[in-house]
Amino acid sequence: MNTAMLAVDQTGARSNIHANGQALSERVAALEAQLAAIQNRLPKDKVTIVVFSGDLDRVLAAFVIASGAATLGQEVAMFFTFWGLNALRRQRKLQGKKLTEKMMALMSPADTRGMGVSKLNFFGAGAVMLRQMMKEKNVSSLEELIELCAGMGVKMVSCEMSRDVMGIAPEELRPDIEVGGVAAYLADALESKVTLFI
Amino acid sequence: MSVDLSTLTVTRELDVTGLKCPMPLVKARQEIASLAIGDVLKVISTDRGSVKDFQGWAKAATQVELVGQSEESVDGKTLYIHFIRRLR
Numbered sequence: 001m002n003t004a005m006l007a008v009d010q011t012g013a014r015s016n017i018h019a020n021g022q023a024l025s026e027r028v029a030a031l032e033a034q035l036a037a038i039q040n041r042l043p044k045d046k047v048t049i050v051v052f053s054g055d056l057d058r059v060l061a062a063f064v065i066a067s068g069a070a071t072l073g074q075e076v077a078m079f080f081t082f083w084g085l086n087a088l089r090r091q092r093k094l095q096g097k098k099l100t101e102k103m104m105a106l107m108s109p110a111d112t113r114g115m116g117v118s119k120l121n122f123f124g125a126g127a128v129m130l131r132q133m134m135k136e137k138n139v140s141s142l143e144e145l146i147e148l149c150a151g152m153g154v155k156m157v158s159c160e161m162s163r164d165v166m167g168i169a170p171e172e173l174r175p176d177i178e179v180g181g182v183a184a185y186l187a188d189a190l191e192s193k194v195t196l197f198i
Numbered sequence: 001m002s003v004d005l006s007t008l009t010v011t012r013e014l015d016v017t018g019l020k021c022p023m024p025l026v027k028a029r030q031e032i033a034s035l036a037i038g039d040v041l042k043v044i045s046t047d048r049g050s051v052k053d054f055q056g057w058a059k060a061a062t063q064v065e066l067v068g069q070s071e072e073s074v075d076g077k078t079l080y081i082h083f084i085r086r087l088r
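Chains as they are written, first to last, in our numbering: chain W, 1 to 198; chain R, 1 to 88.
Errors might be hidden in some of the hints.
[What the hints assert, rightly or not] Listed below are the simulated BS3-like cross-link pairs for lysine-lysine, each with C-alpha atoms no more than 25 Å apart in a straight line: (1) W:Lys137 x R:Lys59; (2) W:Lys46 x R:Lys77; (3) W:Lys135 x R:Lys27; (4) W:Lys193 x R:Lys52; (5) R:Lys20 x W:Lys119; (6) R:Lys59 x W:Lys135; (7) R:Lys42 x W:Lys193; (8) W:Lys137 x R:Lys42; (9) R:Lys27 x W:Lys155; (10) R:Lys77 x W:Lys137; (11) R:Lys42 x W:Lys44; (12) R:Lys42 x W:Lys119; (13) R:Lys77 x R:Lys42; (14) W:Lys137 x R:Lys20.
[Unchecked claim] Which chain W residues stay away from chain R? Per the calculated CB distances, all over 12 Å, these: (15) Gln74; (16) Val139; (17) Leu145; (18) Met152; (19) Lys155.
[To be verified] Derived coverage of chain R by chain W (criterion: at least 3 residues anywhere in the stretch with Cβ under 8 Å from a Cβ of chain W; other residues may be distant): (20) 54 to 60; (21) 71 to 78.
Calculated directly from the structure, the hints in this document are not laboratory data. Don't be surprised by glycine CBs; every beta carbon is placed ideally from N, CA and C.
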């Protein structure tokens, strides 16, 4: 190989390296963008619970799981819909309601104290018995667990559609809750590792 | 457990005897937050489920390490004792 050929070779190699370097940095940028997109879609340390039931025992289970998850350092979001809204109730208001809404209100518990159990309720006797048994066994009451969860930063969201359908006025519910719909639930559930329907 | 619990330096003791799930965990979580990083909290419980619960907590959370667990029998009651270290 003579000197002239060597010089041409070197220039060629340099431009090759330059082109390679550019292609490489483009690939890295593309991969980084892809990674960021994937990271955005990865589940977080998050638990999402739908509370549909208004039964004392089921709601109790929901709040035990929620408080446990919050203790384990998980971000917790609870969505209350239909009968589950009774778990957020503070009072009963009849004023300004339609007849059907009044009937619904009178047949629903005014607050969590009026909730029945899912089995053996016998017009509320079962719920009284369960509460008594929980007290004897030193298990926290539902009301204590709800306050505990609120204090631990558990997000509670009331479903606007079912609240409206059931004729529950916003002022009948706890004031420290958020309002949302199906997309609010899905946005949280899609990035949760655990999601439950109770 | 490979750690000798009798020589372990315990910063604080927490008595949650009589409390049921999820309260032993909740109280321990609140207590350990007031300790310094590296400190060990000794939790004394009568809840049988707390054995697995504390293992689950340490597994799920990066903030704590379960140094060890032991059982003691006092007045016919079994005590479940957990040693938890705050990591961050």
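Comparing the hints with the structure gives:
Note on lysine 137 of chain W and lysine 59 of chain R: the hinted pairing is violated, with a Cα-Cα distance of about 28 Å set against a maximum of 25 Å. Between lysine 46 of chain W and lysine 77 of chain R, the direct Cα distance comes to roughly 37 Å. Violation of the 25 Å bound is thereby established for this hinted pair. Pair hint lysine 135 of chain W plus lysine 27 of chain R holds up; C-alpha atoms about 18 Å apart against a cutoff of 25 Å. Taken as a hint, the lysine 193 of chain W and lysine 52 of chain R pair is honoured in the structure, with Cα atoms around 20 Å apart against an allowance of 25 Å.
The hinted pair formed by lysine 20 of chain R and lysine 119 of chain W meets the criterion: a straight-line CA distance of about 22 Å does not exceed 25 Å. Between lysine 59 of chain R and lysine 135 of chain W the alpha-carbon distance is near 31 Å, which puts this suggested pair outside the 25 Å criterion. Straight-line distance between C-alpha atoms of lysine 42 of chain R and lysine 193 of chain W comes to about 30 Å, which puts the hinted pair past the 25 Å bound. At roughly 23 Å between alpha-carbon atoms, lysine 137 of chain W and lysine 42 of chain R fall within 25 Å of each other, so this suggested pair holds.
Note on lysine 27 of chain R and lysine 155 of chain W: the hinted pairing holds, with a Cα-Cα distance of about 20 Å set against a maximum of 25 Å. Distance restraint check for lysine 77 of chain R and lysine 137 of chain W: the Cα-Cα separation of roughly 15 Å lies within the 25 Å cut-off, and the hinted pair is therefore satisfied. With a CA separation close to 30 Å, the supplied pair lysine 42 of chain R and lysine 44 of chain W exceeds the 25 Å bound. Among the hinted pairs, lysine 42 of chain R with lysine 119 of chain W is inconsistent with the structure: their alpha-carbon atoms are about 39 Å apart, more than 25 Å.
A C-alpha spacing of about 18 Å is found between lysine 77 of chain R and lysine 42 of chain R, which places the hinted pair at or below 25 Å, so the restraint holds. Restraint check for lysine 137 of chain W and lysine 20 of chain R: the C-alpha separation of about 8 Å stays at or below 25 Å, so the hint holds. The beta carbon of glutamine 74 of chain W is not kept farther than 12 Å from every beta carbon of chain R, the shortest such distance being approximately 7 Å. The Cβ of valine 139 of chain W sits about 5 Å from the closest Cβ of chain R, inside the 12 Å cut-off, so the non-interface label is violated.
With a minimum CB-CB distance of about 8 Å to chain R, leucine 145 of chain W fails to clear the 12 Å threshold, and the non-interface call is violated. Listed as outside the interface, methionine 152 of chain W is inconsistent with that label: its C-beta sits roughly 8 Å from the nearest C-beta of chain R, within the 12 Å cut-off. No Cβ of chain R comes within 12 Å of the Cβ of lysine 155 of chain W; the nearest lies about 18 Å off, and the non-interface call holds. Coverage of a stretch by a chain is defined here by at least three residues with a beta carbon nearer than 8 Å to that chain's beta carbons; for the region 54 to 60 of chain R and chain W the count is 3, and the condition holds.
Evaluation of the coverage hint for the region 71 to 78 of chain R: breached, as 0 residues show C-beta separations to chain W shorter than 8 Å, against a requirement of three.
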